[in-house]
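Asker: One letter stands for each residue in the lines below.
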Amino acid sequence: MNCKNIQELILTGYSDGEITPELAKQIDEHLKICPGCRKFKEAVEETALSPFRNAQRFAPPDALWEKVREAVVYEKNRDTDGIFLRLRDALRVIFNIRKPVLAFAAAAVVILVTTLFMRTHYYNEEIAGYLEDQVEFIAYLDTDVSSGSTDYMNLDVKIEDILSQRNFYAHLFV
Amino acid sequence: MENIPRDTIERASNGDIGAFEEIYTSYSGFVYNVALRIVNNTSDAEEVTQDVFMKIYKSLRNFRFESSFKTWVYRITANTAINTYKKISKESKHRGDYDIALKTHAADDKTEECFKKEENEKLLGYLLDKLSIKQRSCIVLREVEGLSYEEISKVLGININTVRSRIKRARLALLAYGKEVVGYEL
Ligand SMILES: [Zn+2]
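For the record, the sequence lines run as chains F and E.
Just so you know, we're using our numbering here: the first sequence kicks off at 1 and counts up by one.
Just so you know, we're using our numbering here: the second sequence kicks off at 1 and counts up by one.
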């Protein structure tokens, strides 16, 4: 090993304990006989290592946990608010469903999932997403059955019907 | 630092604030000190710490226990601190105010040791400022937290040889700076 290799290791592996003990020993032997590398090692220690190794560790300010806690509680409440908004939207879809059997099925899904949520008291993207998917699917079944006979008059009536239902049920959720 | 028990992580992900506080207690020292040395000032370090714990809280549900929780927290910390640093530098409100040194001892009862510590903090502020953000993050993880090259490579998502060469270049930069200031010859 020449001086260049040794100085490179002094800058890295040797100083950080990332080389084998055998290699470290070889370097130590070299340092005994080479004033240039010895001087280099001292300079590295003085300017590049010791300021960091003498660095203080600071405790985070106590007030910081309070801030974090507040933010987390806020986030947690937002999650809970979130599922109620999504439940409300899911229920709105049910009011669009014309076939009573399908509407009943969709409602059953919502009740089941809501109960699950209440029991675990655990808001989960997957639960809310599942709920939305199921309700949407059932709503799709409904449109599929009635497709082929698109009656615009009928559609108007349906929308009006839904709007009135929505207004009525909105009281329950807002 | 020990890894947090899986049960604690699961409870925290279900919104248990007590469990989340345990995570905070275990990791806030690491997060804050790494942030402090990367952004190089206390107010941004506090902001980074808050940010990191919000990110942890929000993504706890997605933590799959395949990797070590510690490495995961370290990675979020490094990324957040680096991004914050980049943002501050871009805004060009350069805050190399070295308030860390001032924070060390505001009181008048300065002993010899206090004085030394304060001097060292001041020096450290200057030195960190001489390093690029890439060099700085490697050096901070190595020197402030004592991570191995392999751990650093996992945290920063870079090759271990890249870690080694960044540390080498960082120390060469510090040497050059020392030579300039102290005036010694190699
Ligand atoms: Zn030599």
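Hints are computed from structural coordinates only; laboratory data are not their basis.
Among the hints, erroneous ones may be present.
Okay, derived cross-link-like pairs now, DSS-like style, lysine-lysine, Cα gap no bigger than 27 Å in a straight line [said to hold, decoys possible]:
#, chain 1, residue 1, chain 2, residue 2
1, F, 67, E, 130
2, E, 55, F, 41
3, F, 67, E, 58
4, E, 58, F, 76
5, E, 168, F, 39
6, E, 168, F, 41
7, E, 117, E, 90
8, E, 87, E, 179
9, E, 122, E, 134
10, E, 179, E, 168
11, E, 87, F, 39
12, E, 168, F, 25
13, E, 179, F, 4
14, F, 76, E, 86
15, E, 55, E, 87
16, E, 116, E, 55
17, E, 168, F, 67
18, E, 86, E, 154
19, F, 39, E, 117
20, E, 168, E, 87
21, F, 76, E, 70
22, F, 32, E, 168
23, E, 179, E, 70
24, E, 122, F, 39
25, E, 117, E, 154
Asker: What's the verdict on residue 76 of chain F and residue 70 of chain E, does the C-alpha distance respect the 27 Å limit or exceed it?
Answerer: holds (23 Å)
Asker: Between residue 116 of chain E and residue 55 of chain E, is the straight-line Cα distance small enough, at 27 Å or below?
Answerer: Violated, at roughly 37 Å.
Asker: Does residue 67 of chain F sit within 27 Å of residue 168 of chain E, going by the straight-line distance between their CA atoms?
Answerer: Outside the cut-off at roughly 39 Å; violated.
Asker: Within a Cα-Cα threshold of 27 Å, do residue 122 of chain E and residue 134 of chain E meet the stated pairing?
Answerer: Holds - the C-alpha atoms of residue 134 of chain E and residue 122 of chain E are around 21 Å apart, at most 27 Å.
Asker: So if I understand the rule, the pair passes when the alpha-carbon distance is 27 Å or less; does residue 67 of chain F with residue 130 of chain E pass?
Answerer: Roughly 33 Å separates the two Cα atoms, so the pair is violated.
Asker: Does the structure keep residue 122 of chain E and residue 39 of chain F at a Cα separation of 27 Å or less?
Answerer: holds (25 Å)
Asker: Within a Cα-Cα threshold of 27 Å, do residue 117 of chain E and residue 154 of chain E meet the stated pairing?
Answerer: violated (32 Å)
Asker: Straight-line Cα separation of residue 168 of chain E and residue 25 of chain F no greater than 27 Å?
Answerer: holds (21 Å)
Asker: Between residue 168 of chain E and residue 87 of chain E, does the CA-CA distance stay at or below 27 Å?
Answerer: Since the Cα atoms of residue 168 of chain E and residue 87 of chain E sit roughly 26 Å apart, the hinted pair holds (cutoff 27 Å).
Asker: Is the Cα-Cα distance between residue 67 of chain F and residue 58 of chain E 27 Å or less?
Answerer: holds (16 Å)
Asker: Do the alpha carbons of residue 86 of chain E and residue 154 of chain E lie within 27 Å of each other, as the hint requires?
Answerer: holds (21 Å)
Asker: Holds or violated: are the alpha carbons of residue 168 of chain E and residue 39 of chain F at most 27 Å from each other?
Answerer: Roughly 17 Å separates the two Cα atoms, so the pair holds.
Checked against the numbered hints above, the structure breaks hints 1, 2, 7, 8, 11, 14, 16, 17, 23, 25 and satisfies the rest.
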